[in-house]
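Chain Z is fixed; fit chain B onto it per the hints.
Protein sequence lines correspond, in order, to chains Z and B. Heads up, the first sequence is in the numbering used here, so the first residue is 20 and it goes up one at a time. Heads up, the second sequence is in the numbering used here, so the first residue is 44 and it goes up one at a time.
Source of the hints: derived by calculation from the structure; they are not laboratory data. From the three backbone atoms N, C-alpha and C, an ideal C-beta is built for every residue, glycine too. You may find that some hints are simply not true.
Claimed, not checked - Taking beta-carbon pairs under 10 Å as the criterion, some of the chain Z residues facing chain B (in silico):
(1) MET93
(2) GLU107
(3) ALA136
(4) THR172
What the hints assert, rightly or not - With a straight-line Cα cutoff of 35 Å, these simulated DSBU-like cross-link-like pairs (lysine-lysine) come out:
(5) B:LYS45 to B:LYS191
(6) B:LYS198 to B:LYS293
(7) B:LYS108 to B:LYS78
(8) Z:LYS168 to Z:LYS144
(9) Z:LYS162 to B:LYS293
(10) Z:LYS162 to B:LYS108
(11) B:LYS46 to Z:LYS144
(12) Z:LYS64 to B:LYS79
(13) Z:LYS64 to B:LYS191
(14) B:LYS78 to Z:LYS144
(15) B:LYS86 to B:LYS46
(16) B:LYS46 to B:LYS79
(17) B:LYS86 to Z:LYS162
(18) Z:LYS64 to B:LYS45
(19) B:LYS86 to Z:LYS144
(20) B:LYS293 to B:LYS220
(21) B:LYS191 to B:LYS79
(22) B:LYS108 to B:LYS79
(23) Z:LYS144 to Z:LYS162
(24) B:LYS78 to Z:LYS64
(25) B:LYS79 to Z:LYS144
(26) B:LYS46 to B:LYS198
(27) B:LYS78 to Z:LYS162
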Amino acid sequence: MPVVLDAQRIARSLARIAHEILERNHQIDELALIGIRRRGVPLAKRLAHAIHEINHSDVPTGALDITLYRDDLMRTAIAAQPLIRRTEIPFSIDDKRILLVDDVLYTGRTIRAALDALIEFGRPKAIQLVVLVDRGHRELPIKADYVGKNLPTSLSQSVQVRLTEIDGRDEVEVLES
Amino acid sequence: MKKDLLSIDDLTSDEIYLILDTSEAMREIGQRPIKKVPTLRGKTVVNLFYEPSTRTRTSFEIAEKRLSADTLNIAVASSSVLKGETLVDTALNIEAMQPDMIVMRHASSGAGHLLSRVCRSRIINAGDGMHEHPTQALLDAFTIREHKQRIEGLKITIVGDLLHSRVLRSNVRLLTKLGAEVWVSGPSTFVPSGIEQFGVRVSADINEAVADADVIMMLRIQQERMSGAFIPSLREYFNTFGMTKARVAKAKPDVIIMHPGPMNRGVEIASDVADGPYSVILEQVANGVAVRMAVLYLLAGGVEVD
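Bound-form chain Z, shown alone:
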């Protein structure tokens, strides 16, 4: 199945998003990047690095696990519980402009869960959404502020993002299921 983004295109998309973030947000010391586990976390770190490359400012990064906030937990009596990973937000999010980072935006339910989870850590000034791929098919009124690539897909397809930190290589592939 086709690889729609290779390592180079992913790197370029992230560099562009870093520029867009700086263009839209003038108070850089108010920014913080929070990645949604799992693949949002390395993306958030890469964006922090890209921002540092541009203007030498350090944007703090955190990791959010949204499993306990999912709306499909315990709907079936058969499936085993999904694995929970650690949430690590080592700074106060009060009055920060939070850039929430995920790999794929699809139904919007993960983002809904992430917003619920995030609000319990404090009251940010604003939350903006960064995604590497927007594949459409939203089920909730959620829209990304920064998109690496808009990728129209059919419901029978799935989008697999692979990142070096987790999967050993960078690529985005569309799979026929």
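Structure of chain B alone, referenced to chain Z:
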């Protein structure tokens, strides 16, 4: 995971590690300004305690509330049990009100198994007589792993009233399953016959048992369960088996001292050891909440139906 958690035998080593890893994530919730997640919203958990308990009941209740479950506590002192209702009848009446889980402590060994046969709700054993206390063993394992980064290959010495201890029985099952070298020590009246079959080393000499130990776990002298003269006197017990600084010095320099509580200071453990630098006793209590959250979460979800 199975439907119920009645015994450590219900768990495979993979499932034990899954619980410990999940507990790591759960612990972070306790450090947040808002210590609550919506996971068990709409689930009802009944805490049915037939024996006095502060730590375990409070720990379960905090764990349930942090996961947003609706909890209710039935203390037997104020229930119909005093009017002569049997355990099964009490359980079936509670069950008729559609709870999702029942956390039970009872003075009789196997009480949880009895409930598990008649109840559709998931049962978590919070201590049954002299049989098992699985969540205590899990939180002990979590505490040990946090300090030693492993359990396999450690020398773990358990000292005290072995006979009456459900904490011992759960810990021995869990620690031997994960590959620790478990030693037990205590007066011969407290050593259950056939305990070697569980794969532990027995020594009547406490100095041999604690020599080079990585972990020392003290057990409480359970005077409420004793029907005869097991020990000549508490003072003599302390002199022979009490954990003192001098005995701690025979263990590894980075030994940790554990106790499931409640402690009898000056009986099984000296105050300066209980409050000393090696003691992780209060960490055990803190970790108990995270471990019970993990157990509640993992049991509340799907189970394989056979």
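Subject >> Violated hints - listed by number, lowest first >> reply: 4, 9, 11, 18
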